[in-house]
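Student: Same order as they appear, the protein sequences are chains R and H.
Those letters in the first sequence? Residues 765 to 1018, per our numbering, in order.
Those letters in the second sequence? Residues 14 to 336, per our numbering, in order.
No more than 30 Å apart at the CA atoms, straight line, and that leaves these computed lysine-lysine pairs for BS3-like:
1) H:Lys152 to R:Lys840
2) H:Lys155 to H:Lys227
3) H:Lys155 to R:Lys840
4) R:Lys840 to R:Lys783
5) H:Lys155 to H:Lys189
6) R:Lys812 to R:Lys977
7) R:Lys977 to R:Lys958
8) R:Lys783 to H:Lys155
9) R:Lys783 to H:Lys152
10) H:Lys189 to H:Lys308
11) R:Lys977 to R:Lys783
12) H:Lys308 to H:Lys227
Here are a few chain R residues that face chain H, going by a calculated C-beta distance under 8 Å:
13) Val770
14) Asn774
15) Glu778
16) Arg844
17) Arg845
18) Tyr848
19) Thr849
20) Ile850
21) Phe1018
The following residues of chain H were derived to be distant from chain R, with all beta-carbon distances above 10 Å:
22) Ser247
23) Ala267
24) Val280
Since the hints were made in silico from the structure, they are not lab data.
Where is the CB? At the ideal position from N, CA and C, for every residue including glycine.
Residue strings, one per chain:
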Amino acid sequence: MGAIGVIAVNAFRESLRDKILYNLVLFAGLLIGLSVLLADLSITEHHKVIADMGLAAINLIGVIIAMFVGISLVNKEIERRTIYTIMARPISRSFFIMGKYFGLALTLLVNMSVMLAVFLLTLWLYHIPIEQSLFQAVQLMFVEILVVTAIALFFSTFTSSTLSAIFTLGLYVIGHLTADLRAMVANSEGMIGKVVVDLLYYLCPNLEMLNIKGQAAVGVAAAPEYMLLASLYGLLYAGVLLTGACLVFQRRDF
Amino acid sequence: MDDIVTEDLSKSYPSGWPGRPPFVALDGLSLTVRRGEIFGFLGPNGAGKTTTLKILLGLVRATSGRALLLGQPAGDVATRRRIGFLPESPYFYDYLTAEEFLGFYGQLAGLSRAVTTERANNLIQLVGLGEARTRQLRKFSKGMLQRIGLAQALIHDPELVILDEPMTGLDPVGRKQVRDLILSLRDQGKTVFFSTHILHDVEMICDRIGIVMKGRLVANGRIDELVRQNHIRSVEIVCQHVKTEGNALIHSLATRVLQQGQQCLIVLPSPDAVDALVAEIRRQGGRLLSVTPHKASLEDLFFHEAAQAVSHVSAHMTGGRAS
Chain R
765 MGAIGVIAVN
775 AFRESLRDKI
785 LYNLVLFAGL
795 LIGLSVLLAD
805 LSITEHHKVI
815 ADMGLAAINL
825 IGVIIAMFVG
835 ISLVNKEIER
845 RTIYTIMARP
855 ISRSFFIMGK
865 YFGLALTLLV
875 NMSVMLAVFL
885 LTLWLYHIPI
895 EQSLFQAVQL
905 MFVEILVVTA
915 IALFFSTFTS
925 STLSAIFTLG
935 LYVIGHLTAD
945 LRAMVANSEG
955 MIGKVVVDLL
965 YYLCPNLEML
975 NIKGQAAVGV
985 AAAPEYMLLA
995 SLYGLLYAGV
1005 LLTGACLVFQ
1015 RRDF
Chain H
14 MDDIVTEDLS
24 KSYPSGWPGR
34 PPFVALDGLS
44 LTVRRGEIFG
54 FLGPNGAGKT
64 TTLKILLGLV
74 RATSGRALLL
84 GQPAGDVATR
94 RRIGFLPESP
104 YFYDYLTAEE
114 FLGFYGQLAG
124 LSRAVTTERA
134 NNLIQLVGLG
144 EARTRQLRKF
154 SKGMLQRIGL
164 AQALIHDPEL
174 VILDEPMTGL
184 DPVGRKQVRD
194 LILSLRDQGK
204 TVFFSTHILH
214 DVEMICDRIG
224 IVMKGRLVAN
234 GRIDELVRQN
244 HIRSVEIVCQ
254 HVKTEGNALI
264 HSLATRVLQQ
274 GQQCLIVLPS
284 PDAVDALVAE
294 IRRQGGRLLS
304 VTPHKASLED
314 LFFHEAAQAV
324 SHVSAHMTGG
334 RAS
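Turn these sequences into a full structure, and let the hints guide you.
Tutor: Given below as structure tokens:
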């Protein structure tokens, strides 16, 4: 196993022994269970409410883990000084960053798989048809979570945990709003507003592109081309951020 | 062959405020550590010891100067395969067991799983943690953490071992174990470079030492040479049948005269006055019983250099205020 693999497996092992992640996955299970209660209260569209809430729960918990574990991924190593003995080994700083990233990605994959399994079980118990669109929505959610992890990791290579959390949360919110903002200012006459929104649109990740939960809940599948394009976009954006994180981390003093 | 060479190594950190001078952590440090020796790097807290070690390991970039480890520039990734490092007050992944911990560091050093397991088993026994091998590090005492830290520094059988305050937190038995381990590393032909402020340990095991104060290397060499060249603190002369009372010569030479019956103890401030005093004893027909030079200890040298560093800084500050 290469150095990246050794670091990744250790990061995965760390998360497996962290009880907080278990609690979050349990919380997701409770949210999915709650969706059944809410569906009973609603007058119509029981199926849609359960599917909507189930997907939202998976997404929310996935993003929370990506954001907060991603932020602490590097900062914790520096604050607790575990980085000293790692960096004294024959591995490059970029390999360390990549190993940590892939370790968390593996953790998220396992967590999302568990949450998906609970979700599918709930649908099956209530005789709700399991559509392909649900899997598509979860696939793009995972891509979104990979982007959020890369954002959190990028900021944590040069700022404190608190600032990283603020920046990551900010970018996540903007990433879901830029497309709407751009549509809103498209017809306005103010040039400055247009330029600023255009700049945000192209610089920030377009996370709304990775959000197909609404249509998935009602069983409308996305075109394969869209799935491919959206996935590639997200992975490319995460790759650029990861490269940036490696470059910043190369120059850092401990 | 020198395993560590630093030339005019400096590190300063910006103050963060415009107009305020940067904080100088290291100021032109030049030293060499020879292959197969134990080198003690001494200095009070904040003197620049850890900064030096961090530069050597590539954790921190030097502002200026040059550092070579095993003939390669400091921070060279491939060279780190031949270096073992234990940081000060080590913090490790406390969710790992001792076995998993050593396995992780062995694999990071590029060892196969089989070799890692074999070496981990041997090292766990060597550092006396055989019974705690499957225990998570979060349940380890400070001394146990220090010992497992030493084991991780040695898991890949390095040529050069760098230890930052390896005796900190250990009880006397633990300290002796670490001293013996360091000596056994030298017997295996390895070079050991360690920082400390526990002078007793340094005196017992080091071939050479360097003393760093306020970021500067103020002494460097063998302990006996450094102590000899710098200070013979005093000379004690014991004699009989010598009349000291009212003797102007003896009182002018001595810092202390103690008459106990026929026997007399005379303390001289330096060896320079020994000949004159012995001549006076002979002139009086007295009997010379012993001449004992009291050499300064490493502790004396350390405090002497520390006092000089403080006075240097005070003078500098006073000069700065005056100007």
